[in-house]
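Chains as they are written, first to last, in the working numbering: chain A, 1 to 433; chain B, 1 to 433.
Since the hints were derived computationally from the structure, they do not count as laboratory data.
Every value quoted in this text rests on a predicted model; they were computed, and no experiment measured them.
Chain B regions said to be covered by chain A (calculated; three or more residues, Cβ under 8 Å):
id, segment
1, 12 to 19
2, 44 to 54
3, 98 to 111
4, 132 to 140
5, 248 to 262
6, 343 to 352
Just so it is clear, CB atoms sit at the ideal spot from N, CA and C, and this is done for glycine as well.
If you want the building blocks of each chain, they are given just below.
2 protein chains.
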Amino acid sequence: MNPAVKPLAGMRQLYPDAMAVEEGIAAVIRRVALSYGFEEYDGPVIEPLELFLAKSGSELVMEQSYRFTDRGGREVVLRPEMTPTLARMIAGAPDTPMPARWMSFPVCFRYERPQRGRVREFRQFNCDILGSDSLAADAEVIAVLDGIMRGLGAPPGSYSIRYSSRRLASEVLTSLGLESVMHQQALAIIDRKSKLPADEWRAWASERLGGAAEAVERFSCCSSLDDGWLAERAAPGGELERLREFGGLLGAAGVASASFDAGIARGLDYYTGIVFELLDTGGQNRRAICGGGRYDNLVGIFGGKPVPGVGFGLGMLTLRLFLETLGLRVSGRSGRPDVFMAVFSPAELPWAVEAAEAIRSRGLSVLASLECGKLSKQFREASRRGASFTAVAGPEEASERSITLKDMSGGGQMRLPLEKALEFLETRLGGSL
Amino acid sequence: MNPAVKPLAGMRQLYPDAMAVEEGIAAVIRRVALSYGFEEYDGPVIEPLELFLAKSGSELVMEQSYRFTDRGGREVVLRPEMTPTLARMIAGAPDTPMPARWMSFPVCFRYERPQRGRVREFRQFNCDILGSDSLAADAEVIAVLDGIMRGLGAPPGSYSIRYSSRRLASEVLTSLGLESVMHQQALAIIDRKSKLPADEWRAWASERLGGAAEAVERFSCCSSLDDGWLAERAAPGGELERLREFGGLLGAAGVASASFDAGIARGLDYYTGIVFELLDTGGQNRRAICGGGRYDNLVGIFGGKPVPGVGFGLGMLTLRLFLETLGLRVSGRSGRPDVFMAVFSPAELPWAVEAAEAIRSRGLSVLASLECGKLSKQFREASRRGASFTAVAGPEEASERSITLKDMSGGGQMRLPLEKALEFLETRLGGSL
Numbered sequence: 001m002n003p004a005v006k007p008l009a010g011m012r013q014l015y016p017d018a019m020a021v022e023e024g025i026a027a028v029i030r031r032v033a034l035s036y037g038f039e040e041y042d043g044p045v046i047e048p049l050e051l052f053l054a055k056s057g058s059e060l061v062m063e064q065s066y067r068f069t070d071r072g073g074r075e076v077v078l079r080p081e082m083t084p085t086l087a088r089m090i091a092g093a094p095d096t097p098m099p100a101r102w103m104s105f106p107v108c109f110r111y112e113r114p115q116r117g118r119v120r121e122f123r124q125f126n127c128d129i130l131g132s133d134s135l136a137a138d139a140e141v142i143a144v145l146d147g148i149m150r151g152l153g154a155p156p157g158s159y160s161i162r163y164s165s166r167r168l169a170s171e172v173l174t175s176l177g178l179e180s181v182m183h184q185q186a187l188a189i190i191d192r193k194s195k196l197p198a199d200e201w202r203a204w205a206s207e208r209l210g211g212a213a214e215a216v217e218r219f220s221c222c223s224s225l226d227d228g229w230l231a232e233r234a235a236p237g238g239e240l241e242r243l244r245e246f247g248g249l250l251g252a253a254g255v256a257s258a259s260f261d262a263g264i265a266r267g268l269d270y271y272t273g274i275v276f277e278l279l280d281t282g283g284q285n286r287r288a289i290c291g292g293g294r295y296d297n298l299v300g301i302f303g304g305k306p307v308p309g310v311g312f313g314l315g316m317l318t319l320r321l322f323l324e325t326l327g328l329r330v331s332g333r334s335g336r337p338d339v340f341m342a343v344f345s346p347a348e349l350p351w352a353v354e355a356a357e358a359i360r361s362r363g364l365s366v367l368a369s370l371e372c373g374k375l376s377k378q379f380r381e382a383s384r385r386g387a388s389f390t391a392v393a394g395p396e397e398a399s400e401r402s403i404t405l406k407d408m409s410g411g412g413q414m415r416l417p418l419e420k421a422l423e424f425l426e427t428r429l430g431g432s433l
Numbered sequence: 001m002n003p004a005v006k007p008l009a010g011m012r013q014l015y016p017d018a019m020a021v022e023e024g025i026a027a028v029i030r031r032v033a034l035s036y037g038f039e040e041y042d043g044p045v046i047e048p049l050e051l052f053l054a055k056s057g058s059e060l061v062m063e064q065s066y067r068f069t070d071r072g073g074r075e076v077v078l079r080p081e082m083t084p085t086l087a088r089m090i091a092g093a094p095d096t097p098m099p100a101r102w103m104s105f106p107v108c109f110r111y112e113r114p115q116r117g118r119v120r121e122f123r124q125f126n127c128d129i130l131g132s133d134s135l136a137a138d139a140e141v142i143a144v145l146d147g148i149m150r151g152l153g154a155p156p157g158s159y160s161i162r163y164s165s166r167r168l169a170s171e172v173l174t175s176l177g178l179e180s181v182m183h184q185q186a187l188a189i190i191d192r193k194s195k196l197p198a199d200e201w202r203a204w205a206s207e208r209l210g211g212a213a214e215a216v217e218r219f220s221c222c223s224s225l226d227d228g229w230l231a232e233r234a235a236p237g238g239e240l241e242r243l244r245e246f247g248g249l250l251g252a253a254g255v256a257s258a259s260f261d262a263g264i265a266r267g268l269d270y271y272t273g274i275v276f277e278l279l280d281t282g283g284q285n286r287r288a289i290c291g292g293g294r295y296d297n298l299v300g301i302f303g304g305k306p307v308p309g310v311g312f313g314l315g316m317l318t319l320r321l322f323l324e325t326l327g328l329r330v331s332g333r334s335g336r337p338d339v340f341m342a343v344f345s346p347a348e349l350p351w352a353v354e355a356a357e358a359i360r361s362r363g364l365s366v367l368a369s370l371e372c373g374k375l376s377k378q379f380r381e382a383s384r385r386g387a388s389f390t391a392v393a394g395p396e397e398a399s400e401r402s403i404t405l406k407d408m409s410g411g412g413q414m415r416l417p418l419e420k421a422l423e424f425l426e427t428r429l430g431g432s433l
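Build out the structure end to end from the sequences listed, making use of the hints.
Listed below in structure tokens is the structure:
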């Protein structure tokens, strides 16, 4: 009967100070996304297992997901990611005006070993454009991402957005003699390159890809669209051309942080075109802060017409840790009340309550003392909480419907009829809420 | 491989229109709670089973919860309510300045048969004051609740807050000859009275309470603190006196919607004092929109010093349905962009992207056309999306770095150099974000 004071390992538990920072970050994200016309949606935490089996990739669902059988005998999973839910929602609402720009802040679940920046319950920002196969859509979601980073104050060079393309990879892998059934596996191998020691990775890649391993490694090292090796192996007039056009759109959007990197593969099976990651260039946060890409065949699996899509998921915790390593503190709400309401004795409590309500009705925040201890103690409390003014309700104030206001920044104090006090506070503090 | 387009029954799935309403409601709630100095926190969705076994009540945990064994062999539960998590967090942070005013918007889970206003996954607003046993704290959380309803536009008389006290119930049940081990059961019986047909309830109550059933029913019908029957059975100078004082504080706080009702018992085991519900007086929404009360022994079970608490959970869905039956539509974000950016042909796409970014940098929202179809079609789209202006990027605009602006409210159109256009839009539309 004395459960541990700690939550389960890797779970999300935010005390008010941490929550204020996260909400401050979320407010910046929302403002940027709204400036592009994104609308917010939400979906279920519990989903049928099949939803993720279809397209997310087997490692995620079979090895890392929270799965169980519910009381009705259904095989369910706590969503490890949001995109399949989004795709189902879009498929279920065929009259949605397209292109649709949708955003959400889902909490997701993966059973992994907790470590810095990797937890089992995490909140993401998800941002997707559905119903357009234009490169302008791919460029726009990356512009949103870059706008968020700039909005949060991340300086140029502190992060980089790296993009590649699954179509380009397919063109090159085909020219290397790999059959298309092997492409997914080759991508998975490229995806793990940065996560394993070089020797270990090479041995593993050779085992899987045989003679093609070396060329696959060479491909994954391409970081310029003008790389001659790459140009020889890509399809003429194919994806390399489109990526050049894409780079031009990113430039026009003022995105200076993005560059081509064939080593970006992403772990999810459903991507079909551009894929990208946002990385900490400082190296203190090794996991990608954000990953995304184009998934043109996902909505179609729910029946109805196919709807192309492109978007990303941005981890709120990895983002917060990244900003901390930069020494950037996004200010959440201050938590400081405009007024602390002190009460002389229980007899004045009703008057204190009434006066506090009147002050709140002017758009100000009032922290009411709930105990009627010594006034000196209440003043100390007001000071500790950072109140701009302390209002005192004593016997004389109660009988004449006034309050005594003390300026906590060192000004004097004065007793005013309530109406006068309200005018004074409104003038001095504005509507803070 | 074609999963159903529907989510599992009773799950939370909000398309942008519904989400905008819910976020509009949440914004009002936050504003009211902030005016009282509440701070936001968040906790885990997945919790150890023991956390709820201890105090929530066995029906909730054993019959209605989503329980499973995780990959590490732990018996876990998807939280059916937030208060035990809150209590553990407070117990785990003994240096938290008291009283602490904490709020949260948790999504919770209960496996019940879905029906109107009752779902399996639901979002609540939770609002609690910890570290004060003053009646002023109980009155304050009810003032917050009433302030929320008024802030949402619910007219007087459309809802009522009913409160009782577990201490008063104990005084009366003791005077009726019921031993204290029976009190919890008697409260559970009172709690079910409004949920069963009268005859069925009476038969069930008699079976459990024997000869005391009739008196328990009589008690549950008391709706005035001046009820003579009640005064004879309550302890002299006891809880009845405190409830009178409590009524005075509610009156001082301007809460006109609250009244005493001994039929309010609440289903959770951990309540120790005042309990309350918010009900739809119109009767179209039979479930309580909100329930809460005082729980002075909950934090202490985690070890450390005991911390008294009082608070409530407000169901966001039941609240939304209630507002709908009143015809009240809380406006969320409009979703209308300030500017729709139309593009003449692919050659002008980079200029359109650059100009759109420049407009956004002035705090305005721009919905960019991602396709370069006929301009007449793009103007129709701009109109359908409710844009205030349409900006056109054509060949001449691109070459001279200008845009053509069309006032969608029927004004004319003009071509302006980008800088002039930005000034014009800023003056006309202000910073909307």
